[in-house]
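Protein chains: 2
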Amino acid sequence: MSFIAMNRFKVRHGFEDAFETMWRDRESRLNDMPGFVEFRLLKGPDGDGFRLYTSHVVWASRTDFEGWTKSQQFRDSHKGAGNSTTRDALMGPPQFEGYETVLHQT
Amino acid sequence: MSFIAMNRFKVRHGFEDAFETMWRDRESRLNDMPGFVEFRLLKGPDGDGFRLYTSHVVWASRTDFEGWTKSQQFRDSHKGAGNSTTRDALMGPPQFEGYETVLHQT
Numbered sequence: 001m002s003f004i005a006m007n008r009f010k011v012r013h014g015f016e017d018a019f020e021t022m023w024r025d026r027e028s029r030l031n032d033m034p035g036f037v038e039f040r041l042l043k044g045p046d047g048d049g050f051r052l053y054t055s056h057v058v059w060a061s062r063t064d065f066e067g068w069t070k071s072q073q074f075r076d077s078h079k080g081a082g083n084s085t086t087r088d089a090l091m092g093p094p095q096f097e098g099y100e101t102v103l104h105q106t
Numbered sequence: 001m002s003f004i005a006m007n008r009f010k011v012r013h014g015f016e017d018a019f020e021t022m023w024r025d026r027e028s029r030l031n032d033m034p035g036f037v038e039f040r041l042l043k044g045p046d047g048d049g050f051r052l053y054t055s056h057v058v059w060a061s062r063t064d065f066e067g068w069t070k071s072q073q074f075r076d077s078h079k080g081a082g083n084s085t086t087r088d089a090l091m092g093p094p095q096f097e098g099y100e101t102v103l104h105q106t
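Heads up: the protein sequence lines correspond to chains G and Z, in order.
Residues in the first sequence are numbered consecutively from 1, following our numbering.
Residues in the second sequence are numbered consecutively from 1, following our numbering.
Hint data in this document are derived by calculation from the structure and do not stem from the laboratory.
Hints may be right or wrong, so weigh each one.
Here are the computed distance ranges between Cβ atoms for each label pair [what the hints assert, rightly or not]:
1) Z:SER28 / G:PHE96: 23 to 31 Å
2) Z:ASN31 / G:GLU20: 16 to 24 Å
3) G:ASN31 / Z:THR85: 26 to 34 Å
Over 12 Å on every C-beta distance to chain G, these chain Z residues come out as not near it, computed from the model [claimed, not checked]:
4) ARG12
5) VAL57
6) SER61
7) THR63
8) PHE74
9) HIS78
10) ARG87
11) GLY98
12) THR106
Backbone N, C-alpha and C fix where the C-beta goes; we use that ideal spot for every residue, glycine too.
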């Protein structure tokens, strides 16, 4: 069953546009990866001083996700993760959650 | 852009199978609803005394999601929400998060 990898980002109010632009302008190589199904950037509810965003990637299996985390594509895509824009925009580090699909109805 | 409605459930250790069975055996009428795209029950990370599960429904738009929340199908599907099995299984009420899709890559 497919696997969903999410990262939850607390984006300080005022940094929403910069955060979205960073994702929009990034060069994604996810389509090169075996088992990649789809990527979404999701804009969620407001919190205390921040807006919750979640990155949301569907993989065909957990094994495919793990393959990506060991790839050169993964290392390249995380080069900017600690830069100053990201540090200013975020309240704390992103929170990773990995999910197995138990039921699927379409 | 599509809308994702998630509910986060903290399921006490030992209640995982009962919780999954309850979802598996329910009668879903989501397929009758305009704008319904897909439903998933997701099994997430372990926490302190619980396993995190998330129900995950993709709708064509926020308007379609809101239409469902006002429907008879919605009322029927939430009739069992406060029963004793659910109360025993969960640490606190489910936490709703609604998400707009900002970017989508397939």
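Comparing the hints with the structure gives:
1. Between Z:SER28 and G:PHE96, the C-beta spacing of about 29 Å keeps the proposed range 23 to 31 Å intact.
2. One distance hint, 16 to 24 Å for the beta-carbon pair Z:ASN31 and G:GLU20, is violated here, with the actual separation near 33 Å.
3. At roughly 43 Å, the beta-carbon separation of G:ASN31 and Z:THR85 lies outside the given 26 to 34 Å, and the hint is violated.
4. The Cβ of Z:ARG12 sits about 17 Å from the closest Cβ of chain G, beyond the 12 Å cut-off, so the non-interface label holds.
5. With a least beta-carbon separation of about 9 Å from chain G, Z:VAL57 fails to lie farther than 12 Å from that chain, contradicting its non-interface assignment.
6. Separation of Z:SER61 from chain G is adequate, the least Cβ-Cβ distance of about 14 Å exceeding the 12 Å criterion.
7. Remark: the non-interface label on Z:THR63 is consistent with the geometry, its nearest Cβ contact in chain G lying 16 Å away (cut-off 12 Å).
8. Every CB of chain G is more than 12 Å from the CB of Z:PHE74 (nearest about 16 Å), matching its label as outside the interface.
9. Every C-beta of chain G lies more than 12 Å from that of Z:HIS78, the closest at about 17 Å, which supports listing it as non-interface.
10. Consistency note on Z:ARG87: stated as away from chain G, and its beta-carbon is indeed over 12 Å from all of that chain's, at 21 Å minimum.
11. Residue placement check: Z:GLY98 does not keep its beta carbon more than 12 Å from all beta carbons of chain G (closest about 7 Å).
12. The claim that Z:THR106 is not at the interface with chain G is violated, since a C-beta of that chain comes within 12 Å of its own (minimum 5 Å).
Consistency with the previously given hints fails for numbers 2, 3, 5, 11 and 12, ordered from lowest to highest.
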